[in-house]
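Residue numbers (UniProt numbering), protein chains in the order written: chain A, 1 to 287; chain B, 1 to 333; chain C, 1 to 328.
Bear in mind the hints are in silico, worked out from the structure with no lab data behind them. Predicted, not measured: the structure shown is a model, and the values here were computed from it. Heads up, the beta-carbon is just placed ideally off N, CA and C, and yes, glycines get one too. One should not assume that every hint holds.
[As the list claims (entries may be wrong)] From the derived model, a few chain C residues whose C-beta atoms are all more than 10 Å from chain B:
#, residue
1, Asn82
2, Gly141
3, Gly172
4, Glu178
5, His291
[Stated by the list, open to error] Using 20 Å as the maximum straight-line C-alpha spacing, the simulated SDA-like pairs for lysine to any residue come out as follows:
#, chain 1, residue 1, chain 2, residue 2
6, A, Lys107, C, Lys126
7, C, Lys165, A, Asn240
8, B, Lys200, B, Ala237
9, A, Lys189, A, Gly171
10, A, Lys107, C, Ala13
11, C, Lys126, C, His243
12, C, Lys165, A, Asp246
13, A, Lys107, C, Tyr7
14, B, Lys200, B, Glu140
15, B, Lys199, B, Leu217
16, A, Lys53, C, Lys165
17, C, Lys130, B, Leu57
18, C, Lys95, C, Gly81
19, A, Lys53, C, Leu160
20, C, Lys165, A, Leu52
21, C, Lys165, A, Lys107
22, A, Lys107, A, Ile191
23, C, Lys165, A, Val252
24, A, Lys53, C, Met157
25, C, Lys165, A, Trp51
26, C, Lys165, A, Pro54
27, C, Lys126, C, Val177
28, B, Lys200, B, His211
29, C, Lys130, B, Ala61
30, C, Lys130, C, Leu212
31, A, Lys53, C, Tyr164
32, A, Lys53, C, Ile161
33, C, Lys130, B, Pro59
34, A, Lys107, C, Phe14
35, A, Lys107, C, His243
36, A, Lys107, A, Val173
37, C, Lys165, A, Met244
[Stated by the list, open to error] Heads up, incomplete: computed chain B residues facing chain C, CB under 10 Å, no partners named:
#, residue
38, Phe20
39, Asn100
40, Leu102
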Amino acid sequence: MKAKSASAAGASGHNAKQLAGLAILAFFAAAAFIGPRLAPYPKNDIDFEAWLKPSMKHLLGTDSYGQDVFAQLIYGTHTSFLVGILAGAITTVIGVLVGLTAGFYRKWVSDALMFVVDLLLIIPVMALMIILASFLPSMGLTSIILVIGLLSWLYMARSIRSQTLSERQRGYVEAARVVGMSNAEIMIKEILPNLFPIIAANLVSVTTQAVLAEAGLSFLGIGDPRSVSWGTILALAHSNNAIMYDAWWWIVPPGLAIALFCFGFVLLGNGTLERYRAKRGAQQHFS
Amino acid sequence: MSLLEVTDLQVEYASPRGAFKAVDGVSFSIERGEIFGLAGESGCGKSTTAFGISRLLRPPARLAGGRVLFDGQELTGMPELAFQAFRWSRMSVVLQSAMNNLNPVMRVGSQLTDVILAHEPGTSARDAWSRAESLLALVELPADRLRSYPHELSGGMRQRVVIAMSLALRPDLIIMDEPTTALDVVTQQGIVRRIVELKKELGFAVLFITHDLPLMLEICDRIGIMYAGKMAEIGRADRLLRGARHPYTQGLLRAFPSLTGPKVRIAGIPGSPPDLVSPPAGCRFQPRCAHAVAACSAAQPAMTAADAGGSVACHLYETEEAGHEPVAASRQR
Amino acid sequence: MKIQLSYVIRRVAFAIATLFAAIVMNFLLPRLIGGDPAEMIASQTALGSPDVANALRKQFGLDDPSLVHQFGSYIAQLLHGNLGISYFNYPVPVKDVLWNALPWTLGIVLIATLLSYAAGWFIGIKGALKPGSWFDHSALGVSFFINSVPYFWVGIMLILIFAYKLDWFPMGQAIPVEYDSLDSLHKLGSIAYHAVLPIASLALASIATHILVLRNNLIRVLSEDYMVLARAKGLSARRRVFHYGIRNAFLPSFTGFMLSLGHVVGGAITMEIVFSYPGIGMLTYNAILNHDYPLIQGAFLVIAVSIIAVNLLADLIYPLIDPRVNLN
Numbered sequence: 001m002k003a004k005s006a007s008a009a010g011a012s013g014h015n016a017k018q019l020a021g022l023a024i025l026a027f028f029a030a031a032a033f034i035g036p037r038l039a040p041y042p043k044n045d046i047d048f049e050a051w052l053k054p055s056m057k058h059l060l061g062t063d064s065y066g067q068d069v070f071a072q073l074i075y076g077t078h079t080s081f082l083v084g085i086l087a088g089a090i091t092t093v094i095g096v097l098v099g100l101t102a103g104f105y106r107k108w109v110s111d112a113l114m115f116v117v118d119l120l121l122i123i124p125v126m127a128l129m130i131i132l133a134s135f136l137p138s139m140g141l142t143s144i145i146l147v148i149g150l151l152s153w154l155y156m157a158r159s160i161r162s163q164t165l166s167e168r169q170r171g172y173v174e175a176a177r178v179v180g181m182s183n184a185e186i187m188i189k190e191i192l193p194n195l196f197p198i199i200a201a202n203l204v205s206v207t208t209q210a211v212l213a214e215a216g217l218s219f220l221g222i223g224d225p226r227s228v229s230w231g232t233i234l235a236l237a238h239s240n241n242a243i244m245y246d247a248w249w250w251i252v253p254p255g256l257a258i259a260l261f262c263f264g265f266v267l268l269g270n271g272t273l274e275r276y277r278a279k280r281g282a283q284q285h286f287s
Numbered sequence: 001m002s003l004l005e006v007t008d009l010q011v012e013y014a015s016p017r018g019a020f021k022a023v024d025g026v027s028f029s030i031e032r033g034e035i036f037g038l039a040g041e042s043g044c045g046k047s048t049t050a051f052g053i054s055r056l057l058r059p060p061a062r063l064a065g066g067r068v069l070f071d072g073q074e075l076t077g078m079p080e081l082a083f084q085a086f087r088w089s090r091m092s093v094v095l096q097s098a099m100n101n102l103n104p105v106m107r108v109g110s111q112l113t114d115v116i117l118a119h120e121p122g123t124s125a126r127d128a129w130s131r132a133e134s135l136l137a138l139v140e141l142p143a144d145r146l147r148s149y150p151h152e153l154s155g156g157m158r159q160r161v162v163i164a165m166s167l168a169l170r171p172d173l174i175i176m177d178e179p180t181t182a183l184d185v186v187t188q189q190g191i192v193r194r195i196v197e198l199k200k201e202l203g204f205a206v207l208f209i210t211h212d213l214p215l216m217l218e219i220c221d222r223i224g225i226m227y228a229g230k231m232a233e234i235g236r237a238d239r240l241l242r243g244a245r246h247p248y249t250q251g252l253l254r255a256f257p258s259l260t261g262p263k264v265r266i267a268g269i270p271g272s273p274p275d276l277v278s279p280p281a282g283c284r285f286q287p288r289c290a291h292a293v294a295a296c297s298a299a300q301p302a303m304t305a306a307d308a309g310g311s312v313a314c315h316l317y318e319t320e321e322a323g324h325e326p327v328a329a330s331r332q333r
Numbered sequence: 001m002k003i004q005l006s007y008v009i010r011r012v013a014f015a016i017a018t019l020f021a022a023i024v025m026n027f028l029l030p031r032l033i034g035g036d037p038a039e040m041i042a043s044q045t046a047l048g049s050p051d052v053a054n055a056l057r058k059q060f061g062l063d064d065p066s067l068v069h070q071f072g073s074y075i076a077q078l079l080h081g082n083l084g085i086s087y088f089n090y091p092v093p094v095k096d097v098l099w100n101a102l103p104w105t106l107g108i109v110l111i112a113t114l115l116s117y118a119a120g121w122f123i124g125i126k127g128a129l130k131p132g133s134w135f136d137h138s139a140l141g142v143s144f145f146i147n148s149v150p151y152f153w154v155g156i157m158l159i160l161i162f163a164y165k166l167d168w169f170p171m172g173q174a175i176p177v178e179y180d181s182l183d184s185l186h187k188l189g190s191i192a193y194h195a196v197l198p199i200a201s202l203a204l205a206s207i208a209t210h211i212l213v214l215r216n217n218l219i220r221v222l223s224e225d226y227m228v229l230a231r232a233k234g235l236s237a238r239r240r241v242f243h244y245g246i247r248n249a250f251l252p253s254f255t256g257f258m259l260s261l262g263h264v265v266g267g268a269i270t271m272e273i274v275f276s277y278p279g280i281g282m283l284t285y286n287a288i289l290n291h292d293y294p295l296i297q298g299a300f301l302v303i304a305v306s307i308i309a310v311n312l313l314a315d316l317i318y319p320l321i322d323p324r325v326n327l328n
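Assemble the whole structure, with the sequences as input and the hints as a guide.
Below you can see the structure in the form of structure tokens.
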């Protein structure tokens, strides 16, 4: 199946998966940044009757407070989008830095970094996030992004490190050293580009994890109480017994929004990887 | 009757840029007890040819045509189950030494015995084990190595194990694909010497694939030179050394320093092999060939018989009479 | 044997070091937050009185000005198995509160973890043996979907469908209201009945990763050179798949499996909340909301100890199943 989609891709430069992923993400970006202006009703507008079923007036019905669920969903996109992108970016930067350094420098630098990573890995991250979030004086969007970003890089650092370890055995690293490149230059100019596929794969998963972590924290009632996110919508639905009112329109859409958003990243990531492999693999394949 | 007769073998690859023939109409034969070498640059299709004969091709590669006769038996049409029983008992393979040919989590002994038990199900475990011990002895490894895991062995020892494995059922033909390439010279020498000795003792034939031309000239009886999926020239090793016919073979030979002959400039062949998705019209070597004539870009040269049992696919020889060597002069430049 | 002993010693030393770090972190956390937790607790609650504040201060050892002394007495308390008094469940000791919650969590999370690994590996292997088949495609599609939704949403959806719509299972809690009046067989039955949906949710929510990991590992292994040689040797498909393929594909998953087992105790916070299930996760969550520091610390310690212990176990088992692990 991969060979087929890749062969369709080769010439055009992008493949179907990448394009589909980009389209989904573009859709959510539009919803996040333009959506609020086009949303049918103002944020947290409680002017409607509660528990209304979906209709033309309220595409996804209303919740127990009389808020339009569809409008809330659009406002929620903004939060989830920002958290996913920014926390994912923080995670990636730290993960690559730590992993690359720990993989490149042997001996004590590597040992020390990996000890810290192994140490942090035993801590239940979700619980730590809850604690940090509940202890921080005010929990705005920034704190959420920082908490998630700063606590999620461990697995990424590990996988980047092991890839770096195998890359530094290759001839090109030795060659670069012979030419007189400094360690930093070798790491950034020589090794980093070769880590691209593994970074891309990790980027997808950490971004997805960040969106899910935000949803989880919001669900637990941690976060900026004034902001709306897909997680807070679900949290409200759960705490207001939406199930008892059979208000599926309040429960299903936020979950599907999260799923579709994450799926966009997965498609983009997999598509990029396939293209990368098709490009690189073609020459090596039949020697 | 030859032991192995390959006729017009074709292997096709599906690639992102379209299908191409990695092996395009290759024919040759191997006699009993003979070491036949297959040489050429990497990507010329020599390994793919071996995989095609032993039916070990993996997607995106597939056998697209041709005929393989083994001891008069047609292999290409043989049902998969029958072929599984045939392979290894009469024709085994030794894969590239650079590869992880051994299962990392199983002891060497079980990997040797499982091939015996798979083909001779009645064998008792003890018999299989003692046979495995004598197989190790054949490749000059101590019997206690049967209890080792692959990672506990050196690269050379691992490859000896793989060779022992290929001898397990006393086949008539062993296909060896770059069996010593990744090893250091001393280890390589030892293993190659042992292969030649074993060949004399046990009488099997070898299809020996390598890009190491000097090694090949040293141990092979006959050699086939492949270029861009096609056979360029086949000839006796000593004959090739004295005067190769195909300009590509000549280039290859020039690319290696001769230890005994007069000093020559080490010159590679300018240019690089063609893109097989859209190969050049006519002879595939023509864009890089110093002797190309008009006919070369017009039509593909056919394999024509030359003296001393050799044959060559080159337009320069089609018009000339066999024995005349128009290109040979340029070698002495 | 000598080498193995040094390996064991190194792993144990690492476990002790991590345990110590966890204890230090646990000790420092409430103190780093700033302010006097005892004051904060005492003032925040109905218990708020100078007496309670003083008692709490004593309990935390906060009456001692030296942080080192405080840490010393904290360790001494721990060694005596004293985790302090939960202020929210005053005057029940933290140990007892945790002890009551532990079986619930262990029950559902352990079963769910084992189930999801077993099913995930099975599906992953089946898919990898026929990549591109409809089975593989649908397993992949469902896995990607599950991986893209929050854990707790899976639980909510299962409640909506199987508890509310179909009314097959209860919507939450671990036991029915009339639990105390039941005989022991029915008690057990009612517990199992209540545990079905939480277990199913947890297993379903985590199965995707196991499917993907094992499938990808196996596909990678199947393309290894030794698999080609195994086929060339004429080994039966069965032997190739099990002795050459799955065994190698399974090894990288083993560490992840043990890690999941370690996280059993603390790993189901959101799911326990969705199902109002009275386990450690629910307890931790409530303790955090109530600023019940002794309980938070206690829960964290239990979680950390279980993770460290299982990790140590995994480190000690691994060399036995993977001969390549260098014991030096």
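Results for each hint:
1. Asn82: 47 Å, holds
2. Gly141: Answer for Gly141 of chain C: holds, closest chain B Cβ roughly 22 Å.
3. Gly172: 45 Å, holds
4. Glu178: 54 Å, holds
5. His291: Non-interface label on His291 of chain C holds, nearest chain B Cβ at 51 Å vs cutoff 10 Å.
6. A:Lys107 x C:Lys126: 41 Å, violated
7. C:Lys165 x A:Asn240: Holds, because 18 Å separates the two Cα atoms, which is no more than 20 Å.
8. B:Lys200 x B:Ala237: 18 Å, holds
9. A:Lys189 x A:Gly171: The hint holds at about 15 Å.
10. A:Lys107 x C:Ala13: Roughly 19 Å separates the two Cα atoms, so the pair holds.
11. C:Lys126 x C:His243: 16 Å, holds
12. C:Lys165 x A:Asp246: Since the Cα atoms of Lys165 of chain C and Asp246 of chain A sit roughly 8 Å apart, the hinted pair holds (cutoff 20 Å).
13. A:Lys107 x C:Tyr7: 18 Å, holds
14. B:Lys200 x B:Glu140: Distance ~16 Å between Lys200 of chain B and Glu140 of chain B Cα, so the pair holds.
15. B:Lys199 x B:Leu217: 17 Å, holds
16. A:Lys53 x C:Lys165: Since the Cα atoms of Lys53 of chain A and Lys165 of chain C sit roughly 17 Å apart, the hinted pair holds (cutoff 20 Å).
17. C:Lys130 x B:Leu57: 17 Å, holds
18. C:Lys95 x C:Gly81: Given that 20 Å is the threshold and the Cα spacing comes to 8 Å, the pair holds.
19. A:Lys53 x C:Leu160: Given pair Lys53 of chain A, Leu160 of chain C holds - Cα atoms ~16 Å apart, limit 20 Å.
20. C:Lys165 x A:Leu52: 19 Å, holds
21. C:Lys165 x A:Lys107: 59 Å, violated
22. A:Lys107 x A:Ile191: Holds - the C-alpha atoms of Ile191 of chain A and Lys107 of chain A are around 19 Å apart, at most 20 Å.
23. C:Lys165 x A:Val252: 14 Å, holds
24. A:Lys53 x C:Met157: Roughly 18 Å between the alpha carbons, so the hint for Lys53 of chain A and Met157 of chain C holds.
25. C:Lys165 x A:Trp51: Cα-Cα ~17 Å, so holds.
26. C:Lys165 x A:Pro54: 19 Å, holds
27. C:Lys126 x C:Val177: Given pair Lys126 of chain C, Val177 of chain C is violated - Cα atoms ~43 Å apart, limit 20 Å.
28. B:Lys200 x B:His211: Roughly 24 Å separates the two Cα atoms, so the pair is violated.
29. C:Lys130 x B:Ala61: 18 Å, holds
30. C:Lys130 x C:Leu212: 14 Å, holds
31. A:Lys53 x C:Tyr164: Between Lys53 of chain A and Tyr164 of chain C the Cα gap is close to 17 Å, so the pair holds against 20 Å.
32. A:Lys53 x C:Ile161: 18 Å, holds
33. C:Lys130 x B:Pro59: Satisfied, since the Cα-Cα distance of roughly 13 Å is no more than 20 Å.
34. A:Lys107 x C:Phe14: Holds, at roughly 17 Å.
35. A:Lys107 x C:His243: 36 Å, violated
36. A:Lys107 x A:Val173: The given pair, whose Cα atoms are some 18 Å apart, holds under the 20 Å limit.
37. C:Lys165 x A:Met244: Holds, because 10 Å separates the two Cα atoms, which is no more than 20 Å.
38. Phe20: It is violated, given that the least Cβ distance between Phe20 of chain B and chain C is near 21 Å, above 10 Å.
39. Asn100: 5 Å, holds
40. Leu102: 6 Å, holds
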